[in-house]
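Use the sequences and the hints to build the structure in full.
Now for the letters of each chain:
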Amino acid sequence: MSDESYPAELRYHPEHDWARVDGDEATFGVTWYAQDALGEVVYYDPPAVGDTVTAGSSYGELESVKAVSDIIAPASGEVIAVNDKVSDAPELVNSDPYGDGWLIKVRLSSPGELDALMDDAAYREYLSGLSA
Amino acid sequence: MSDLRRTTLYDAHVAEGAKIVDFAGWEMPVEYLGVRAEHLAVRERCGLFDVSHMGQIEVVGKGARDFLQATLTNDITRIGPGQAQYTLLPDDNGGVIDDLLAYALLDRFLLVVNASNIDPCFARIAGLAPDDIEVINRSPDVGMLALQGPAWAKALTPIASPEPFSLAYMEATEAHVAGVPCLVARTGYTGEPGVEIMCDAAEAPAIWAALMGTPDRPDACGLGARDTLRLEMGYPLYGNELSRDRTPIAAGLKWACDLKHGGFPGAERMQREAEEGTPEKLVGIMLTEKGIPRGGCPVLVDGQQVGTVTSGTLSPSLGVGAGLAYVSAEHAERGIRLTVDVRGKPKAAEVVTLPMVDSSPRKEHHT
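Respectively, the protein sequence lines represent chains W and U. Residue 16 in this note's numbering sits at position 16 of the first sequence; the count goes up by one each step and never skips. Add 1000 to a position in the second sequence, counting from 1, and you land on the number used in this note's numbering.
Read the hints as simulated data drawn from the structure, not as lab findings. Check the hints yourself; a few may be wrong.
Straight-line Cα separation of at most 27 angstroms, DSS-like style, residue types lysine-lysine; simulated pairs [to be verified]:
| id | chain 1 | residue 1 | chain 2 | residue 2 |
| --- | --- | --- | --- | --- |
| 1 | U | Lys1290 | W | Lys105 |
| 2 | U | Lys1290 | U | Lys1345 |
| 3 | W | Lys105 | W | Lys85 |
| 4 | W | Lys85 | U | Lys1345 |
| 5 | U | Lys1062 | U | Lys1260 |
| 6 | U | Lys1154 | U | Lys1363 |
| 7 | U | Lys1290 | W | Lys85 |
| 8 | W | Lys85 | U | Lys1347 |
| 9 | U | Lys1254 | U | Lys1363 |
| 10 | U | Lys1345 | W | Lys105 |
| 11 | U | Lys1290 | U | Lys1347 |
Quick partial rundown of chain W residues pointing at chain U, CB under 7 angstroms, derived from the structure [to be verified]:
| id | residue |
| --- | --- |
| 12 | Gly39 |
| 13 | Val42 |
| 14 | Tyr43 |
| 15 | Glu63 |
| 16 | Val65 |
| 17 | Lys66 |
Backbone N, C-alpha and C fix where the C-beta goes; we use that ideal spot for every residue, glycine too.
Spelled out as structure tokens, the structure:
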């Protein structure tokens, strides 16, 4: 398990997914809050390279022993890489949600969608509203 | 949240870092460090569960044995004082109101029922009881801990008197644990040897703290591990494998139904089902590829649905997706290949024997 953090260089979707933008590509994963809510992740069902993902829609699933969670794409695009390390060791999502626990890389089709995402401060504010 | 109930161990759970969930109207710990670690601790060493949410119903009176013989499915005349028996409470059609452990004590019977079924069990039993039989719901006053795993005796030895280790499986005795008067029973729901300890609810935290203070401290375990442990053993869970819609026969519980004597509600139907077979049977299944079956997933053969998963998880002991499912009788044989539809994705599976792991609660403790 890891300590709660929300890195400033990421953008956040209200379904607890993050995007690290690099030009017209982005890496997606789930936030510390998401992995904590899910518990120890034991299974990652990823999309295939070449699949299209749509902002706000599920592109895969993470499962704990007890529960299944859809993974929501924070932006639309084509999958250009899948983190096979997480398929083999899903607990990386718990231990390093912003590093080795990344889930997919995409080539963004509508980079303007990124403007709708939250920065770290807005996401923390959003989380504090959830627990109130 | 305000109408959720807490056991007297709630503060202890929070102090141990538990993740708390709503379970059957109770705020209960689902996990502490993680379901997998807790599960393996119980299989390999020892874990401690708070099961104070479970119900305790006492049946008192001269004719209590005869009354229970006519009310529950198993042959209660086979147990005497200090013995426990797995049995079921059937409705008038032979459907299952609950499964439970019946304890014969010196002057009464004690029925330990599922938390979610305390009210229906009490209503059923009290409703059937003749005037000279007293039925008392002790659930609010009773705390209950389950100490489970091969090293259970190591954790209990330093704080128990007399040492309750001569108990055989399904035997119970009065003892003091951490100075608290208890009923200690060689029972459980994990498939490992161990004990369940019942006491005054207010005293449960003293026992918890004392066990956690021993050199061979058990791991705190939540309801998540309790569920995965029972699933690997093929133990049914009310609401998943058991319901009023089926008799115990389809669930493979004929061994807990005294069909020879009969006389309890639904006995004729159960006898008929035992002779003719049920259209569906409960089986263990394992995926032969990556994935996790879940309750409600359809089970298919040649594209046709032949059953439904009732419970599923990733087996922490085996590392594969595993579950229990009702499937049509002709597909209920070990080794039969099935497909489980996991949210639209077909996953290859096969019928396996239960238990799925090489465990038995009858094993002797480590010395």
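For each hint, the structure was consulted:
As the CA atoms of Lys1290 (chain U) and Lys105 (chain W) are separated by approximately 22 angstroms, the hinted pair is consistent with the 27 angstroms bound. The hinted pair formed by Lys1290 (chain U) and Lys1345 (chain U) meets the criterion: a straight-line CA distance of about 11 angstroms does not exceed 27 angstroms. Of the pairs offered as hints, the one joining Lys105 (chain W) and Lys85 (chain W) holds, with about 13 angstroms between alpha carbons and a cut-off of 27 angstroms not exceeded. Using a Cα cut-off of 27 angstroms, the hinted pair Lys85 (chain W) and Lys1345 (chain U) holds, with the two alpha carbons roughly 22 angstroms apart.
This hinted pair checks out: Lys1062 (chain U) and Lys1260 (chain U) have alpha carbons roughly 24 angstroms apart, not beyond 27 angstroms. Distance hint between Lys1154 (chain U) and Lys1363 (chain U) is fulfilled; the C-alpha atoms sit about 15 angstroms from each other, no more than 27 angstroms. A distance of roughly 15 angstroms separates the Cα atoms of Lys1290 (chain U) and Lys85 (chain W); the hinted pair therefore holds under the 27 angstroms criterion. For a cut-off of 27 angstroms, the pair hint linking Lys85 (chain W) to Lys1347 (chain U) stands: about 22 angstroms separates their Cα positions.
Distance hint between Lys1254 (chain U) and Lys1363 (chain U) is fulfilled; the C-alpha atoms sit about 24 angstroms from each other, no more than 27 angstroms. Simply put, Lys1345 (chain U) and Lys105 (chain W) have alpha-carbon atoms about 23 angstroms apart, close enough for the 27 angstroms limit, and the pair holds. The hinted pair formed by Lys1290 (chain U) and Lys1347 (chain U) meets the criterion: a straight-line CA distance of about 8 angstroms does not exceed 27 angstroms. A distance limit of 7 angstroms between C-beta atoms decides the matter here; for Gly39 (chain W) the minimum to chain U is near 6 angstroms, and the interface restraint holds.
Restraint check, Val42 (chain W) versus chain U: the minimum CB separation of about 5 angstroms is within 7 angstroms; hint holds. This hint holds: Tyr43 (chain W) has a C-beta 5 angstroms from the nearest C-beta of chain U, less than the 7 angstroms allowed. A distance limit of 7 angstroms between C-beta atoms decides the matter here; for Glu63 (chain W) the minimum to chain U is near 5 angstroms, and the interface restraint holds. A hinted interface residue such as Val65 (chain W) counts as satisfied when its beta carbon comes closer than 7 angstroms to some beta carbon of chain U; here the least separation is about 4 angstroms, so the hint holds.
Restraint check, Lys66 (chain W) versus chain U: the minimum CB separation of about 5 angstroms is within 7 angstroms; hint holds.
This entry satisfies every hint, going by the numbered hints stated previously.
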